[in-house]
Amino acid sequence: MKKNFPLYLGKAGHLSVMSEFLIRGWNVAIPEVDIGDDIFVVQDDNGTLRRVQVKTSTSTAHQNSFSGQFNVPIKQLRDYKVNFPVYYVFIVRHQDGWTKPIIIRQDYLRDHFENEEMGSQHEGNLNLYFSFEEGKVECSHTNLSKYIGDFTDFPLIED
Amino acid sequence: METIKINVNKQMDGYSFSVTPSVRKLIKSLSPNSHPANGIFVAYDTKSDFEHYVGKLENYIYPALLGIDNQDELKKAVNKVLFIDTQTGKVLAELNP
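Going line by line, the protein sequences match chains A and B.
For what it's worth, the numbering used here labels the leading residue of the first sequence as 1, then goes sequentially.
For what it's worth, the numbering used here labels the leading residue of the second sequence as 1, then goes sequentially.
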């Protein structure tokens, strides 16, 4: 594996997710200074701006499934701005391709963590272990399948 | 009767009140005619004087946030409302509808 592979994986994930937003008609930008928001996604016509945090993982193969692991800083998760929420986009590199993005808005992810005990805490991070099997995704027995490719808040922009 | 937690987040230009999706679901189940909102943002005038507002607006915020306009219905569904600072976890205000 290439030296500094996680950096390459992360950037490749960012670019892959950015291309999805672009194809839907949303413009994208990377902040000049990294302060925790990976991507700004903008609807050009009306200035709607969304903050997106991309989380990438390699896959670990199992008999009939595979998994990916992610870390989310709990402080960021709890810093919820009603008018400016963060959208977490989780993708896994599996068998020479990316999984469909799992898009979870900050308040929903926080709810799963605090009320359904999804994931585990370690040194200020929420560790998430996503299990993919037959088109479904689970984390700590919470079914996350409804978030697969859920671009509800990023509708296709057409003239 | 439920205790409802409302998250308060201080920002540079104002502060927001929000409830989690599970609270919205709970309110909807307790009061089917309600229309709970994701959040309410209160903008400051010219400076961040959060403390100036604490204790003054909560009574108006929570009925709007929970989307229950009938006071009797609100009293039936909720017995306590806690306003919690999301940064510190501190309870900023406690109200009994």
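Hints are supplied without guarantee of correctness; some may be wrong.
Stated by the list, open to error - Listed next, the in silico DSS-like pairs over lysine-lysine satisfying Cα-Cα at most 30 Å (straight line):
1. K28(B) / K75(A)
2. K25(B) / K100(A)
3. K81(A) / K100(A)
Don't read these hints as lab results, they were simulated from the structure.
This structure is a prediction, so every number in the text was calculated from the model and none was measured.
Each hint tested on the structure:
At most 30 Å may separate the alpha-carbon atoms for a hinted pair to count; K28(B) and K75(A) meet this at roughly 29 Å. For the suggested pair K25(B) and K100(A), the alpha carbons sit about 28 Å apart, so the restraint of at most 30 Å is met. The suggested pairing of K81(A) with K100(A) holds, with an alpha-carbon distance near 27 Å, which does not exceed 30 Å.
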